[in-house]
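Student: Let the sequences and hints guide you as you build the complete structure.
Okay, here's what each chain looks like letter by letter:
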Amino acid sequence: AQRVTQPEKLLSVFKGAPVELKCNYSYSGSPELFWYVQYSRQRLQLLLRHISRESIKGFTADLNKGETSFHLKKPFAQEEDSAMYYCALTSGTYKYIFGTGTRLKVLA
Amino acid sequence: KAGVTQTPRYLIKTRGQQVTLSCSPISGHRSVSWYQQTPGQGLQFLFEYFSETQRNKGNFPGRFSGRQFSNSRSEMNVSTLELGDSALYLCASSLRDTQYFGPGTRLTVL
Numbered sequence: 001a002q003r004v005t006q007p008e009k010l011l012s013v014f015k016g017a018p019v020e021l022k023c024n025y026s027y028s029g030s031p032e033l034f035w036y037v038q039y040s041r042q043r044l045q046l047l048l049r050h051i052s053r054e055s056i057k058g059f060t061a062d063l064n065k066g067e068t069s070f071h072l073k074k075p076f077a078q079e080e081d082s083a084m085y086y087c088a089l090t091s092g093t094y095k096y097i098f099g100t101g102t103r104l105k106v107l108a
Numbered sequence: 001k002a003g004v005t006q007t008p009r010y011l012i013k014t015r016g017q018q019v020t021l022s023c024s025p026i027s028g029h030r031s032v033s034w035y036q037q038t039p040g041q042g043l044q045f046l047f048e049y050f051s052e053t054q055r056n057k058g059n060f061p062g063r064f065s066g067r068q069f070s071n072s073r074s075e076m077n078v079s080t081l082e083l084g085d086s087a088l089y090l091c092a093s094s095l096r097d098t099q100y101f102g103p104g105t106r107l108t109v110l
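Quick note, the sequences are listed as chains X and B, same order. Numbered per our numbering, the first sequence spans residues 1 to 108. Numbered per our numbering, the second sequence spans residues 1 to 110.
If you're looking for bench data, these hints aren't it; they were derived computationally from the structure. Note that the coordinates shown come from a computational prediction; the quantities given were computed from them, not determined experimentally. It cannot be assumed that every hint is accurate.
As the list claims (entries may be wrong) - With the C-beta cut set under 8 Å, the calculated list includes, among others, these residues of chain X facing chain B:
(1) 44
(2) 45
(3) 48
(4) 53
(5) 54
(6) 56
(7) 57
(8) 86
(9) 90
(10) 96
(11) 98
(12) 99
(13) 100
Unchecked claim - Pair by pair, the computed Cβ-Cβ distance ranges are:
(14) X:30 x B:30: 16 to 26 Å
(15) B:82 x X:18: 39 to 49 Å
(16) X:10 x B:79: 44 to 54 Å
(17) X:16 x B:67: 46 to 56 Å
Unchecked claim - A few chain X positions that, by computed beta-carbon distances, are all more than 10 Å from chain B:
(18) 17
(19) 36
(20) 46
(21) 82
C-beta: ideal position from N, C-alpha, C; glycine also.
Tutor: Next comes the structure, spelled out in structure tokens:
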């Protein structure tokens with residue numbers, strides 16, 4: 001079955017520390033992977049997608065097909081990074097599967 | 001461009017009633033997806049419409065239904081409401097693969 005797992009419900013780090021939000025997926029084909037973010041009192045929005053291989057707000061994510069992972073990383077966390085982060089996949093069938101989300105708290 | 005809009009923003013219903021939620025996508029977007037968001041389950045895919053046709057659906061009972069109009073606006077209907085249907089219902093429109101989300105409709109079932 002298709003599934004996205006985000007093992008951490010809450011991740012707290014200090015400002016300036018590295019951040020890694022974990023995402024593992026279960027899918028037999030070649031999915032597209034995304035990270036979405038929801039800041040306080042804002043809408044859910046796309047942060048980045050694996051096919052773009054870009055860095056957004058200092059965040060990067062590498063698709064590891066061997067480990068079926070798509071972890072989100074940032075070398076130095078900022079307070080404004082505090083938000084809810086969702087990993088998601090789509091298989092091209094117009095059906096999106098989201099993880100349960102990880103709340104990131106960056107402490108001053 | 002104006003973003004995705006959803007109406008109403010808040011709704012309180014009682015068990016057994018039915019409810020209709022509305023979503024207006026970004027102009028030019030023909031795909032509309034619906035999700036149920038709850039603290040324990042996160043975002044769960046309900047269904048997706050494109051050009052008035054349902055292209056895919058999630059694992060929800062038949063009480064959950066939807067439709068899309070020729071102007072791409074979409075409605076979602078839940079019949080015979082249950083307490084467990086209390087959730088934030090999100091709508092998202094997309095042009096290609098990126099989803100643009102609305103603010104959601106908070107449904108409370110008493």
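Student: For every hint, state whether the structure bears it out.
Tutor: Right, here's what the structure says about each hint:
1. Contact between residue 44 of chain X and chain B, as hinted, is supported at the beta carbon level, the nearest pair being about 4 Å apart and thus within 8 Å.
2. The criterion of a C-beta within 8 Å of any C-beta in chain B is met by residue 45 of chain X, whose closest approach is roughly 7 Å, and the hint holds.
3. The interface hint given for residue 48 of chain X is broken, as the beta carbon of that residue sits about 10 Å from the closest beta carbon of chain B, more than 8 Å.
4. A distance limit of 8 Å between C-beta atoms decides the matter here; for residue 53 of chain X the minimum to chain B is near 15 Å, and the interface restraint is violated.
5. The interface hint given for residue 54 of chain X is violated, since its Cβ lies 13 Å from the closest Cβ of chain B, which is over the 8 Å cut-off.
6. Contact between residue 56 of chain X and chain B, as hinted, is not supported at the beta carbon level, the nearest pair being about 12 Å apart and thus beyond 8 Å.
7. A least Cβ separation of about 16 Å between residue 57 of chain X and chain B goes past the 8 Å threshold, and the interface hint is therefore violated.
8. For the restraint placing residue 86 of chain X at the interface with chain B, the shortest Cβ-Cβ distance is roughly 7 Å, inside the 8 Å limit, so the hint holds.
9. About 6 Å separates the beta-carbon of residue 90 of chain X from the nearest beta-carbon of chain B, less than 8 Å, and the hint is met.
10. Taking 8 Å as the C-beta cut-off, the interface hint given for residue 96 of chain X holds, the closest approach to chain B being about 6 Å.
11. Using the Cβ-Cβ criterion of 8 Å, the hint placing residue 98 of chain X at the interface with chain B is satisfied: the shortest such distance is roughly 4 Å.
12. A cut of 8 Å between beta carbons decides the hint on residue 99 of chain X: the least distance to chain B is about 6 Å, and the hint holds.
13. For residue 100 of chain X, the shortest C-beta to C-beta distance to chain B is roughly 4 Å, which falls under 8 Å, so the interface hint holds.
14. Distance hint check: the CB atoms of residue 30 of chain X and residue 30 of chain B are about 25 Å apart, consistent with the given range 16 to 26 Å.
15. Distance hint for residue 82 of chain B and residue 18 of chain X: a CB-CB separation of about 44 Å, consistent with the stated range 39 to 49 Å.
16. For the hinted restraint 44 to 54 Å between residue 10 of chain X and residue 79 of chain B, the CB-CB distance of approximately 36 Å leaves it violated.
17. With their beta carbons about 50 Å apart, residue 16 of chain X and residue 67 of chain B fall inside the hinted range of 46 to 56 Å.
18. For residue 17 of chain X, the requirement that its beta carbon stay farther than 10 Å from each beta carbon of chain B is met, with the minimum near 26 Å.
19. At roughly 8 Å, the least C-beta separation between residue 36 of chain X and chain B is not larger than 10 Å, which violates its mark as non-interface.
20. Some Cβ of chain B comes within 10 Å of the Cβ of residue 46 of chain X; the nearest lies about 5 Å off, and the non-interface call is violated.
21. No Cβ of chain B comes within 10 Å of the Cβ of residue 82 of chain X; the nearest lies about 18 Å off, and the non-interface call holds.
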